[in-house]
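Taken in order, these protein sequences are the chains called X and W. Every position in the first sequence, counted from 1, becomes a number in this note's numbering once 10 is added. Every position in the second sequence, counted from 1, becomes a number in this note's numbering once 791 is added.
Worth double-checking, as some hints may not be accurate.
With a straight-line cut-off of 27 Å between C-alpha atoms, the simulated DSS-like cross-links for lysine-lysine are [to be verified]:
hint : chain 1 : residue 1 : chain 2 : residue 2
1    : X       : 77        : X       : 95
2    : X       : 96        : W       : 991
3    : X       : 158       : W       : 831
4    : X       : 95        : W       : 991
5    : X       : 77        : X       : 40
6    : X       : 158       : X       : 99
7    : W       : 862       : W       : 831
8    : X       : 132       : W       : 831
Some chain X residues flagged as far from chain W (calculated, every beta-carbon gap over 10 Å) [as the list claims (entries may be wrong)]:
hint : residue
9    : 40
10   : 70
11   : 98
Hints in this document: simulated from the structure, not taken from any laboratory. Keep in mind the model is a prediction, meaning the values are calculated, not measured. We put the beta carbon where it would ideally sit given N, CA and C, even for glycine.
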Amino acid sequence: MNQENSNSAGTVELRGVSYIYGRGTPFEKKAIDNINLTFEPGCITGLIGHTGSGKSTLVQLLNGLLKPDEGRILVDGVDIWDEPKKQNKLRFKVGLVFQYPEYQLFEETVRRDIAYGPSNMKLSGEEIERRVVESAKFCGLDEELLDKSPFELSGGQRRRAAIAGVIAMEPRVLILDEPTAGLDPMGREDILGGMRSYQRARNSTVIIVSHSMEDMARYSDRIVVMKNGRVEASGGRTEVFSRSDMLIGAGLDVPQITRLWEILKGRGIELPDDVFTVERACEVLLDLLRTDLQTVKGR
Amino acid sequence: MLKDITLGQYFPGNSPLHRADPRMKLILTLVEITAVFLCKNMYSFILLIAFTAALVIMSRIPPRMVFRGLKPIIFIIAFTAIINIFWTKGDNLLFEFGFIKVYFEGVMFAVFMIIRIVCLLAGTSVVLTYTTSPIAITDGLEQLLAPLKKIKLPVHEFSMMMTIALRFIPTLIEETDRIMSAQKARGADFTSGSLIDRAKALVPVLIPLFVSAFRRADELAVAMECRCYRGGDGRTRMNVLRYSALDFVLLAVFALFCAAVLLINRFAPGFSL
């Protein structure tokens, strides 16, 4: 594949995909129910849903760890189950960071752990080293930490090291399953900010599974809402977050600013629709107050 | 993938065998085992088959599941059968092929052996493992063995260890599955290469698995201590086991079965071991 092609690649398409756990036992459960969905490159898609809505199952289907019972999954137009023997290649293309990825670290040093993925790709030593350093940077890991044992790091640092281990494979599609679960606000910002800069730098497809409406409001471009193994809604941020009834019906919440916006709009104040973060809301409201003040003075 | 391994075979349901007291089921398992080895006569073996079939039907476990449980021992069954056919000497020669001589007795012996093993496994699994949750089994075992406390055997501690071990088997399997998936997502290959390559490929799974197992054990110990766990002395139980009429009916049925087998062995004609 030439460079031009790989720049435009990274489309993941699901066609009528279903997945059932424990088929033929009393524990049978349909986790994914006839999903049709496309993830486009060049944006961050937030995958949100209540616990048990099938988010984690969906992301495992996307990189071939689970095989769909029905339907097809296409990555750049190729069915990922056409050639099961070449699944490894797929995994280098579709990188998946699991929930609590820090428990997968095993090497003696962080550097070697991050290099595990790239060395499975049979890359040259220099290329591996370049990728290790670069991915550590994206994840906000200091270079001096690279030569420590992963078990000496703090929880947040370990999480970053684990994410760096997947990013070092430079996948066209990067999927993160709850990358910020259990982290403090600073850690969340750092990791999600790093993912955003990775996405912007590589123009790749990034899919983030999350519970946090605030995080998704801040960092995602598109939102997919899941409920009981189905896609309840999908679209741009504004479109999805404006349907607060649907979100609450799916067992979710709306970002706090959206709630505030609804109250203010209910009182007849005109506000722009595309505001989801506290910072942006502050700016908008301050501007509004200033202009209000000026009109008062003008009178 | 790993989830398909059935260590605890428990198959939830609401049959009489599911509802019976785990202590009684442990006793009945012993009775069943004894009965299987008491059978010596063609008619008693027929009775044994009928009784085992009745147990399977009563448990409402799909027979397919029971047979699946027999799969791992097919080799042992076949092996014992072949040994018995060719090595048993008797009076009625069936046929001769060079130095191999097959006697009627040998064939009967092999058939009886197969029936024994199959009935033993099918019977005990529907009485105990398929119909009793592992926790209930350890609970029952603890109470059955309670008299041994008198001779200072730490029965409670053993059963607590068993309970915890059983409790964490699915967790560890899940964890293994997760770590394997995570490493697969980083390009690990567990299925190709030489035996040494494959063993090496497991290192990235085993290290995190051990680390998390120790962490879990530590956390569990702290959590138990926080709730003032100090061993079995003076501990009461939330679910007290009580024998019901059903248990005694089952016991009576099993006892009748044993008696019938003994009577048949003694009085029925035909080939016997």
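Each hint, compared with the structure:
no.: 1; hint: X:77 <-> X:95; verdict: 13 Å, holds
no.: 2; hint: X:96 <-> W:991; verdict: 21 Å, holds
no.: 3; hint: X:158 <-> W:831; verdict: 69 Å, violated
no.: 4; hint: X:95 <-> W:991; verdict: 20 Å, holds
no.: 5; hint: X:77 <-> X:40; verdict: 13 Å, holds
no.: 6; hint: X:158 <-> X:99; verdict: 30 Å, violated
no.: 7; hint: W:862 <-> W:831; verdict: 26 Å, holds
no.: 8; hint: X:132 <-> W:831; verdict: 65 Å, violated
no.: 9; hint: 40; verdict: 16 Å, holds
no.: 10; hint: 70; verdict: 7 Å, violated
no.: 11; hint: 98; verdict: 6 Å, violated
Of the hints listed earlier, those the structure fails to meet are numbers 3, 6, 8, 10 and 11, in rising order.
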